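Residue numbers (our numbering), protein chains in the order written: chain A, 102 to 387; chain B, 102 to 387; chain C, 102 to 387; chain D, 102 to 387.
Check each hint, because a few of them may be wrong.
One copy or two, it doesn't matter: identical chains are merged, so the pair holds either way.
Claimed, not checked - Here are the simulated DSS-like cross-link-like pairs (lysine-lysine), alpha carbons at most 30 Å apart as the crow flies:
#1 K132 - K179
#2 K290 - K179
#3 K214 - K191
#4 K199 - K214
#5 K156 - K231
#6 K190 - K231
#7 K231 - K179
#8 K251 - K132
Since the hints were made in silico from the structure, they are not lab data. Remember, it's a predicted structure, so these values are computed and weren't measured experimentally.
Protein chains: 4
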Amino acid sequence: MHRDRFYTLAASCPDRTGIIARVTGFIAEHKGWVLESSFHADDEAGRYFMRIEVKADSLPFDLAGFCGRFAPIAAELKMDWKISDSAVKKRVVIMVSKQEHCLYDLLARWQSKELDIEIPCVISNHDTFKGFVEWHGIPFHHVPVTPENKPASYAEVQRLFEEARGDTMVLARYMQILSPELCAAHPGKILNIHHSFLPSFVGARPYHQAFQRGVKLIGATCHYVTAELDQGPIIEQDVIRIDHSDSPDDMVRYGKDIEKTVLARGLRYHLEDRVLVHGNKTVVFR
Amino acid sequence: MHRDRFYTLAASCPDRTGIIARVTGFIAEHKGWVLESSFHADDEAGRYFMRIEVKADSLPFDLAGFCGRFAPIAAELKMDWKISDSAVKKRVVIMVSKQEHCLYDLLARWQSKELDIEIPCVISNHDTFKGFVEWHGIPFHHVPVTPENKPASYAEVQRLFEEARGDTMVLARYMQILSPELCAAHPGKILNIHHSFLPSFVGARPYHQAFQRGVKLIGATCHYVTAELDQGPIIEQDVIRIDHSDSPDDMVRYGKDIEKTVLARGLRYHLEDRVLVHGNKTVVFR
Amino acid sequence: MHRDRFYTLAASCPDRTGIIARVTGFIAEHKGWVLESSFHADDEAGRYFMRIEVKADSLPFDLAGFCGRFAPIAAELKMDWKISDSAVKKRVVIMVSKQEHCLYDLLARWQSKELDIEIPCVISNHDTFKGFVEWHGIPFHHVPVTPENKPASYAEVQRLFEEARGDTMVLARYMQILSPELCAAHPGKILNIHHSFLPSFVGARPYHQAFQRGVKLIGATCHYVTAELDQGPIIEQDVIRIDHSDSPDDMVRYGKDIEKTVLARGLRYHLEDRVLVHGNKTVVFR
Amino acid sequence: MHRDRFYTLAASCPDRTGIIARVTGFIAEHKGWVLESSFHADDEAGRYFMRIEVKADSLPFDLAGFCGRFAPIAAELKMDWKISDSAVKKRVVIMVSKQEHCLYDLLARWQSKELDIEIPCVISNHDTFKGFVEWHGIPFHHVPVTPENKPASYAEVQRLFEEARGDTMVLARYMQILSPELCAAHPGKILNIHHSFLPSFVGARPYHQAFQRGVKLIGATCHYVTAELDQGPIIEQDVIRIDHSDSPDDMVRYGKDIEKTVLARGLRYHLEDRVLVHGNKTVVFR
Chain A
102 MHRDRFYTLA ASCPDRTGII ARVTGFIAEH KGWVLESSFH ADDEAGRYFM
152 RIEVKADSLP FDLAGFCGRF APIAAELKMD WKISDSAVKK RVVIMVSKQE
202 HCLYDLLARW QSKELDIEIP CVISNHDTFK GFVEWHGIPF HHVPVTPENK
252 PASYAEVQRL FEEARGDTMV LARYMQILSP ELCAAHPGKI LNIHHSFLPS
302 FVGARPYHQA FQRGVKLIGA TCHYVTAELD QGPIIEQDVI RIDHSDSPDD
352 MVRYGKDIEK TVLARGLRYH LEDRVLVHGN KTVVFR
Chain B
102 MHRDRFYTLA ASCPDRTGII ARVTGFIAEH KGWVLESSFH ADDEAGRYFM
152 RIEVKADSLP FDLAGFCGRF APIAAELKMD WKISDSAVKK RVVIMVSKQE
202 HCLYDLLARW QSKELDIEIP CVISNHDTFK GFVEWHGIPF HHVPVTPENK
252 PASYAEVQRL FEEARGDTMV LARYMQILSP ELCAAHPGKI LNIHHSFLPS
302 FVGARPYHQA FQRGVKLIGA TCHYVTAELD QGPIIEQDVI RIDHSDSPDD
352 MVRYGKDIEK TVLARGLRYH LEDRVLVHGN KTVVFR
Chain C
102 MHRDRFYTLA ASCPDRTGII ARVTGFIAEH KGWVLESSFH ADDEAGRYFM
152 RIEVKADSLP FDLAGFCGRF APIAAELKMD WKISDSAVKK RVVIMVSKQE
202 HCLYDLLARW QSKELDIEIP CVISNHDTFK GFVEWHGIPF HHVPVTPENK
252 PASYAEVQRL FEEARGDTMV LARYMQILSP ELCAAHPGKI LNIHHSFLPS
302 FVGARPYHQA FQRGVKLIGA TCHYVTAELD QGPIIEQDVI RIDHSDSPDD
352 MVRYGKDIEK TVLARGLRYH LEDRVLVHGN KTVVFR
Chain D
102 MHRDRFYTLA ASCPDRTGII ARVTGFIAEH KGWVLESSFH ADDEAGRYFM
152 RIEVKADSLP FDLAGFCGRF APIAAELKMD WKISDSAVKK RVVIMVSKQE
202 HCLYDLLARW QSKELDIEIP CVISNHDTFK GFVEWHGIPF HHVPVTPENK
252 PASYAEVQRL FEEARGDTMV LARYMQILSP ELCAAHPGKI LNIHHSFLPS
302 FVGARPYHQA FQRGVKLIGA TCHYVTAELD QGPIIEQDVI RIDHSDSPDD
352 MVRYGKDIEK TVLARGLRYH LEDRVLVHGN KTVVFR
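Could you build all of it, start to finish, from the sequences and the hints given here?
Here's what the structure looks like:
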């Protein structure tokens, strides 16, 4: 939690000697003040990951200046990279159905500025939360989804997301499966919270599956959405203890506490550019 | 989570042989169907604790009938006892200051009926959440507290609580210390969430105390309020891992997630009559 | 943890009214002092579970006397029941391969009398721990297992278990799959520790499976062994947090800490007759 | 977990721009391959911390060569630094009294090479574990401690530690308070496991203190020993859930599982030079 404006560089490249020196040397050369830095070598993949926060006003140029000067180094290192500015708020579109817990939780974090984001709109397949969302001064779009209208509905969701200039879409217990086209159009931008400890209990009614199997812990998983259901890269997970006295309804109730916490943590990591995806796995620099 | 109406007997008495048999014998004699039952012998105190849920329509009498017939047995066993009816919603008055997280969390649980209670009013020493609370159709009382007006303010809080026929008062990060009179007037009815793992870091700014001590986990404690600050019987606690990279501000943020969960769990135990106080300790039949 | 001798009744029966009253009434009638008691109604299965500890010297008869007098009640309630005597140590045969952690852990608990059991022998498919086990005064049997000799080997294991009058067999990271015959011969008596959070990652090399999937927590599961691999009733589970920096080898190392704790907890529940199996699920009265 | 030999640099210095670039630039200049690197800025203290692992055979010089070339840079940055060689095993002296759990746990980890250390000797104020330790081929010294002989006893402990050329002394539930002289002679080298979640329950019988206070979680703390009892820098902590049914004896039993895990984790961090002390706090680069 830094009060001063800073730039965040998140990058990965093939591993070799001298990567940190090359990147931090560039920053030091311009008197950049490093607030936080994390590095990781994936030995199996031969790939190097990094995330560096630099105080904006310690540099003699702005973000565009940084990018222009850094680009040749990134090219030399064959880097995938992005850089963000803490002064530019991310725009997060929330998708919700009829369950309160994640929506209330996200809006409380937004109200208190714990999540320092813009929420340009909330989209739902029900109108349950229209009043609640609008009370917060946030536009609410009701986009019903029926077996018949799915392509049109998801086209409308995509249009609204783009119109809102969304950076991130959060499925806050949105109980519909997005179309493969929508998923493919925004890789690494759509986060879901699945109400099981993946890879256990993929698909529908995971708490009932958990009840039948007699597990002693239940969990939740925040992951990026890909075309394959519940198979995207995992960002964050957690579990909670249950026992034989808990019915599926009790599990649903316990699970909500894990779901909202895991979603909020995963979303924060994502928004702070702490998550780097490689294949179907994530590096999360906490 | 039972759909059918039930009565909950919560009781304690000096330990001796035959207690369970005596109590469950009475229930069985009237064909009462026991949904859930828990028993605990405190060997050190020589005291016996129990909680029994009986299906209401399995009995040939109503709650008053139950009480009338059970009273002689309770007297014989020298019991402290109470019995509640699942069809009568508990009335919970929420006290709040300027922090969102516990208030949003409790209202989300109330909206979804996870907490099946009445909230007759919210009282605050600030008017920050007036609009939010009233949007939910709940009366909001602004009772400012200053160093000068404390006795009058707490008298007003007590008047409002009694006017609202409150069963329980929840300090949902209410940042004032209640008067000893108010505490003494409602023993076992006022719940607080303290933002540390008690008995560590009693009093003000516990996260800053934790930061100075360099602990590796921080916690929260839900307890009954007594006249002695942060010393009442503990109902529930939990912790979350931190590390050297976390500032006091980060700890405050992490702590909120624990605070709201611990408060909600403690409140649920309390409302379901799962908490029996003995001296400065609690038996919690989860 | 009771110092006095006690009997433990563990039982289940079809649910109806009056079960607790009938059983505890019998105990009370004979002035039995109940130390601990737990009850559970499985609404879905319509079955009732209980576990009661009675102080031995509070009763006017011995264990045989208890059984004789209780049998008619059990028959009336259509009960599956067993009763054990805390003065009779359970006999636990440990099966091990080449990994230290669970074996050292169990022997430490046995040495300190935390596990108050007899260990009549340790059986292994390797001779790695022969000296260590014998130093503790425990017989060690080396029963090699090869693809060719499996039937003979498992026959020998079964012979040794029976010769040792074993009550319980613990697979303490025993890296062979027992024969279906052996499993079937001792239902509810063979405990395994599986190194994943089941049902995730059944079978071989679960930590490598977990690494490939990119999960953020890994776990361990203590379960009863049945003929179907890793599918038996789960007794206890736990997890530990990992991150992107952990290799499969790191996970193996972290996992050991969970495995030995989960196995020890599951074994304790089993030995104290806290585990009641129903179908493929367990009731665990902690 | 790296199979190749590597050097580990652990250092701290006043914060300024260019520190990472200066240090990693030096490594890159000599073609050093960085396996793992961690950095932390303590804003409050204005101090910078780092830990870097470099593959030994990627460098054109040995450890002495590294030190000689790095010294001027360290001087320029006003660094406190140390560097270790993964090929040189740390020498860990274990102190124990009469409880098994930590001793068995550490020796199991040593046997399996999970802890790749030398244990030159075990020292105890009792002879309980003489046979067990010697069976492992480790010398055992019985140094009784009585109220009268303390100075002489601790002088003997110190002599044995120095004779053994110990790097680290581990108090594995050693139930005596070391002399201030002994503590002062080896700052940052003596690790203790305290059986409470510090700062709660300092001093004797913490589980009984916890029982009296009625806490719902108990914990353990691994910390460096300083002259002030239970006040040294905390390395690692963890907790476990208990409830009203747990006696102080039960808590002792639960606590052991946390104690040995927390001690093993803390010791590992220490041995891998992941712990940097600053004042009474630690940076732990996990």
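**Item:** Unmet hints by their number, sorted upward, for this structure
**Value:** Violated: hints 5, 7, 8.
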